[in-house]
Amino acid sequence: MMKSFGPLSGVFTAPARGGEASSLILVMHGWGADANDLADLAYPMSLRFPGAAFFVPNAPEPCSMNPMGRQWFDLADSTAGPVAAGKLVEQSVAAAIDELGLEMAAVALTGFSQGGMMSLHCGLRMTPRPAAVVSFSGALLSDEGIAAETGHPSVLLVHGTDDQVVPFAMMQAANAALLAHDVSVRCVERPGLAHGIDPDALTAAIDFLADHLPG
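FYI, in my numbering the residues of the sequence shown are 1 to 215.
Be aware that one or more of the hints could be misleading.
[Claimed, not checked] Simulated restraints on C-beta separations:
#  : residue 1 : residue 2 : range
1  : A169      : A76       : 15 to 25 angstroms
2  : A169      : G19       : 41 to 51 angstroms
3  : S4        : E103      : 19 to 29 angstroms
4  : E144      : C187      : 16 to 26 angstroms
5  : A94       : G151      : 16 to 26 angstroms
6  : G145      : D211      : 18 to 28 angstroms
7  : S142      : S184      : 11 to 21 angstroms
8  : E103      : M65       : 32 to 42 angstroms
9  : S184      : A94       : 23 to 33 angstroms
10 : P50       : A95       : 16 to 26 angstroms
11 : P67       : Q91       : 18 to 28 angstroms
12 : P50       : A176      : 20 to 30 angstroms
13 : G18       : D143      : 39 to 49 angstroms
Since the hints were made in silico from the structure, they are not lab data. Glycine included, each C-beta is placed from N, C-alpha and C at the ideal position.
Sequences and hints are given; from them, build the entire structure.
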């Protein structure tokens, strides 16, 4: 179902077991896509997390190259753009957990491509911090502001070795930068995978989140 939390609207999936949510998994889509692109991830993830609510918001801006899609920020503006979009994500998450009766410790921020960049950007700077952050085929836009925080969520980076859109080296760079800031990071390489999420990548994310979220 379509639903709005604060400034962002998108596809919301209630807990598979019914009743109140025990956790919230936010999924941010990539550049040029929209919420429908990743909404189907809720079903396989709900098999492991029947108490989780899922929210896949539409990015706030029309895509500069594909007006039918959305973008979190323009590709030419990777500094101020993510900051502005990040504020909207934070406001949306705050509205969601208020309505669902959750704490940030029961929230995971996940995303693919530009959405993965946003999950890292927001998840490493939000206070209170979320339980976990997952970036599929993403990148760390900047480590500015991370060192000032006390404590960080655990991070999973998943990336295909044959990614020609966001090169695999971006995961390696993100891993090095996060380790330098004492962030707990796990990396999963997907040999031969291009720019996408395959079943093994999704399984890795589900297993990772199981260590940090209630079911």
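These are the hints, each one checked on the structure:
1. For the pair A169 and A76, the beta carbons lie near 21 angstroms from each other, so the given range of 15 to 25 angstroms is met.
2. With their beta carbons about 44 angstroms apart, A169 and G19 fall inside the hinted range of 41 to 51 angstroms.
3. A hinted range of 19 to 29 angstroms holds for the C-beta pair S4 and E103, which are about 21 angstroms apart.
4. Distance hint for E144 and C187: a CB-CB separation of about 22 angstroms, consistent with the stated range 16 to 26 angstroms.
5. Between A94 and G151 the beta carbons are some 19 angstroms apart, a value that agrees with the proposed interval 16 to 26 angstroms.
6. At about 26 angstroms, the CB distance of G145 to D211 agrees with the hint of 18 to 28 angstroms.
7. For S142 and S184, the Cβ-Cβ distance of about 19 angstroms falls inside the hinted range of 11 to 21 angstroms, so the restraint holds.
8. For the pair E103 and M65, the beta carbons lie near 38 angstroms from each other, so the given range of 32 to 42 angstroms is met.
9. Checked against the hint of 23 to 33 angstroms, the pair S184 and A94 passes, with Cβ atoms roughly 24 angstroms apart.
10. Checking the proposed 16 to 26 angstroms range against P50 and A95 shows it holds: the Cβ atoms sit about 24 angstroms from each other.
11. The supplied range of 18 to 28 angstroms is met by P67 and Q91, whose beta-carbon atoms lie about 25 angstroms from each other.
12. With their beta carbons about 37 angstroms apart, P50 and A176 fall outside the hinted range of 20 to 30 angstroms.
13. Remark: the range hint 39 to 49 angstroms for G18 to D143 is upheld by a beta-carbon distance near 41 angstroms.
Of the numbered hints stated above, the single one contradicted by the structure is hint 12.
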